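Visitor: Residue strings, one per chain:
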Amino acid sequence: MYPAPSVIYFTTLTGLGFGLLAWLGFGYPDVIGKTAFFLYLLGYGFAVGGLFASTYHLANPKNARKAFSQWRTSWLSREAVLSVAALVIVAPHAFAQVFLGGSVPALGWLGAVACIGAVFTTSMIYAQLKTVPSWATPATPLLFLGYAAAGGALFSGQVVMAAILLVFVGIAQLGSWQLGGELFAEAGASLETATGLQGLGSVRQLEPPHSGTNYLLKEMVFQVGRKHAEKLRWIGGGLAFILPVVLLLLLPPHFLTLAIAAGSHVAGVLAIRWLFFAEAKHVVSLYYGK
Amino acid sequence: MTALPKTCQKKLGLVIDLDTCVGCHACVVNCKEWNTSNYGAPLSDTDAYGANPVGTFLNRVHSYEVTPAEGPAQTVHFPKSCLHCEDAPCVSVCPTGASYKRSEDGIVLVNEDDCMGCGLCAWACPYGARELDALAGVMKKCTLCVDRIYNENIPEEDRVPACVRTCPAGARHFGDLGDPESDVSKLVAARGGVDLMPEMETRPVNKYLPPRKKDELTKGEALAPKSTEPKGFLAWLDKALEAL
Ligand code: SF4
Ligand code: SF4
Chain X
1 MYPAPSVIYF TTLTGLGFGL LAWLGFGYPD VIGKTAFFLY LLGYGFAVGG LFASTYHLAN
61 PKNARKAFSQ WRTSWLSREA VLSVAALVIV APHAFAQVFL GGSVPALGWL GAVACIGAVF
121 TTSMIYAQLK TVPSWATPAT PLLFLGYAAA GGALFSGQVV MAAILLVFVG IAQLGSWQLG
181 GELFAEAGAS LETATGLQGL GSVRQLEPPH SGTNYLLKEM VFQVGRKHAE KLRWIGGGLA
241 FILPVVLLLL LPPHFLTLAI AAGSHVAGVL AIRWLFFAEA KHVVSLYYGK
Chain F
1 MTALPKTCQK KLGLVIDLDT CVGCHACVVN CKEWNTSNYG APLSDTDAYG ANPVGTFLNR
61 VHSYEVTPAE GPAQTVHFPK SCLHCEDAPC VSVCPTGASY KRSEDGIVLV NEDDCMGCGL
121 CAWACPYGAR ELDALAGVMK KCTLCVDRIY NENIPEEDRV PACVRTCPAG ARHFGDLGDP
181 ESDVSKLVAA RGGVDLMPEM ETRPVNKYLP PRKKDELTKG EALAPKSTEP KGFLAWLDKA
241 LEAL
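Residue numbers (the UniProt record's numbering), protein chains in the order written: chain X, 1 to 290; chain F, 1 to 244.
Treat the hints as calculated values from the structure; they're not laboratory data.
These numbers come from a predicted model, not from an experiment.
Careful: at least some of the hints might be erroneous.
[To be verified] Here are the simulated SDA-like pairs of lysine to any residue, each with C-alpha atoms no more than 25 Å apart in a straight line:
{"#": "1", "chain 1": "X", "residue 1": "Lys-62", "chain 2": "F", "residue 2": "Lys-213"}
{"#": "2", "chain 1": "F", "residue 1": "Lys-214", "chain 2": "X", "residue 2": "Glu-207"}
{"#": "3", "chain 1": "X", "residue 1": "Lys-290", "chain 2": "X", "residue 2": "Leu-183"}
{"#": "4", "chain 1": "F", "residue 1": "Lys-6", "chain 2": "F", "residue 2": "Glu-112"}
{"#": "5", "chain 1": "F", "residue 1": "Lys-213", "chain 2": "X", "residue 2": "Leu-200"}
{"#": "6", "chain 1": "X", "residue 1": "Lys-62", "chain 2": "F", "residue 2": "Gly-23"}
{"#": "7", "chain 1": "F", "residue 1": "Lys-32", "chain 2": "X", "residue 2": "Glu-207"}
{"#": "8", "chain 1": "F", "residue 1": "Lys-6", "chain 2": "F", "residue 2": "Asp-114"}
{"#": "9", "chain 1": "X", "residue 1": "Lys-34", "chain 2": "X", "residue 2": "Pro-92"}
{"#": "10", "chain 1": "X", "residue 1": "Lys-290", "chain 2": "F", "residue 2": "Gly-23"}
{"#": "11", "chain 1": "X", "residue 1": "Lys-62", "chain 2": "F", "residue 2": "Gly-137"}
{"#": "12", "chain 1": "X", "residue 1": "Lys-218", "chain 2": "X", "residue 2": "Tyr-288"}
{"#": "13", "chain 1": "X", "residue 1": "Lys-231", "chain 2": "X", "residue 2": "Val-246"}
Whole structure, please, built from the sequences with the hints as guidance.
Guide: See the structure below:
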C-alpha cells in the first residue's frame, strides 16, 4: 500500500493524542493549572493535528462532514464520530483542571473511554480489510491501542508505566513482524484463484492491461519499501522503544530526559507506521503479477 | 446507504467467457466512451498524449499465460470490471453513504454527490474494480451501464452494458443471475462458471467461464501417409539432386 504521509501522520498523531487524553481523563497523572494546560495542549494538539492530516487524504474534502453519517456500518465513520465525541467529552474535565483547579471525573472517565474507542475504530479501518491480509488480524487493533497507551504514558510523564508499556508493545511489534509475513499466503489468494484458472495450471502475467500506470498501481501495488524493511525495522524499533526505555531507566526523570525519549518515540513510531503501509500487500497486486 | 440490502429482487451481472475473449480491448474502449459522457463525472485522463498517460477506466483487460502440468501453455485474455458482489465490502466500509447496492437489481453504485474521495472502498475491493478519478476526486466504478439498460430512449438491442454491446467475439453476456432460468444462469451452469477469489468472501454476482478443454491429438487419430515415393516433377528433382 502507498504510505501516504497523510495517513501516517493521521494514525500516529491521533494515537498519541488520544492515548495522552485517555490517561489524563482517567486522572493519571492528576494535574491542574499550568502542567494540566501544557499536557492538554499536547493531547489536543496531537489529536486534532492527526485528524486534520487525515483530511489531506481526501480527494473531495468538501464532503468530509458526510463521514459522520454511516456509523452503523462503517468503521471509518465510527472513527470520525468517536474522535469528535472524545474531544468534546474530555473538554469540560480539561477546563476544570486547567482553570478551576478541580476536575469532572465522570466526564474524564467517559472521555477516556471515547478516546480508547477512537483509537480502536481507527485500527479497525485497517483491520477490517480482508484484501490486505497483513492488516486483517487482531494484532492490528492490539498494537494501535498499545502504541496509544505507551505513547500517552510517555507524554504524560509516567516514567515507570511508560517503560513497562514500551517494553510490552516493543515485544508485541517484534512478534507481529515475525508472524506477519505469513499472513498473505495464509489468506489463500493467488493469481490462480484471482483468475479462476486454478483448474488449468499455473498462471503468469503475459501482458498488463495498460502500458502506463494507474490509480490501482500507485495506491495499492507500492513495492518500494520492502527492500529496506529490515533496516527500517531496526531504526524504527530502536527509536520507538529501545532508546526511550534506556533513557527512562538510566537517566533521572528530568523534563529533558522525557522530552528526548518522547521525541525519539514519535520518530520511531512514524518510521514503523511507514512500514505498516509500505510493507502491506493488497491482493489486487496479484492481477498485476506482483 | 452503506448497509447492504438483505436480498435483491434481481442479481444483474455479467458472465465473461474466457474461452471466447480475444483480448481486443473493444469493451475497454466502449466502456470508457459511454461512461465518460454519461453517469457522473467524466473518466479523466492526465497527460493523455504525452509520455506518461494515466487515466480512469472501469474495465480493463489483462492477459495471462496458463501452463498446465503437461502440454503447451495457453493464453487467456481476462476482462475485469466490478463484479457487483452480494457481500460487497466496498459498500459497508464507505463512511459517507456514497457507495450503495440497489435492492431492486443488485447493482453497486457510487453517489458522487456524497463521495469524499477517501479511497477506502477501493482498498476494500479485492478485484481492483474501483478507481478514484484524479480530476473529479470521486470514486468511479462500473455502473453496469445503469443508464443504458433501462433507457427507453435508445433502441432495444442497445439496452445492455456498452461492453456487452460492443464485444465482437460475443464473450460478454448480461442478465439476471438470480433467476436460475435466465440465459446467463444456464450458461454458467453448462460451462461451470466460477467466482473470482472466493476466499475473499465477497460472493461476486459476475461469473467467469473458464476456457474449454482444447482438442488433443491422440495416438492413431492421424491418417497414415499415402505416398512414400515421390512422383512426377519431384521424382525427377530427387533423381537430379542425387546425381549431382
Ligand atoms: S467487485 Fe469490488 S467494487 Fe465491485 S462490488 Fe465487489 S468489492 Fe465492490
Ligand atoms: S471514496 Fe467515496 S465511495 Fe469510496 S469509501 Fe470513500 S466516500 Fe465512500
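Visitor: Against each hint, give a clear statement of whether it holds in the structure.
Guide: Results of checking the hints against the structure:
1. X/Lys-62 to F/Lys-213: violated, 53 Å
2. F/Lys-214 to X/Glu-207: holds, 22 Å
3. X/Lys-290 to X/Leu-183: Distance of about 16 Å is within 25 Å: holds.
4. F/Lys-6 to F/Glu-112: holds, 24 Å
5. F/Lys-213 to X/Leu-200: With Cα atoms ~9 Å apart, F/Lys-213 and X/Leu-200 stay inside 25 Å; holds.
6. X/Lys-62 to F/Gly-23: violated, 40 Å
7. F/Lys-32 to X/Glu-207: holds, 20 Å
8. F/Lys-6 to F/Asp-114: Satisfied, since the Cα-Cα distance of roughly 23 Å is no more than 25 Å.
9. X/Lys-34 to X/Pro-92: The hint holds at about 16 Å.
10. X/Lys-290 to F/Gly-23: holds, 21 Å
11. X/Lys-62 to F/Gly-137: With a Cα-Cα distance of about 10 Å, the restraint between X/Lys-62 and F/Gly-137 holds, given a limit of 25 Å.
12. X/Lys-218 to X/Tyr-288: Measuring from Cα to Cα gives roughly 12 Å; hence the hint holds.
13. X/Lys-231 to X/Val-246: holds, 21 Å
Consistency note: the structure conflicts with the earlier hints numbered 1 and 6.
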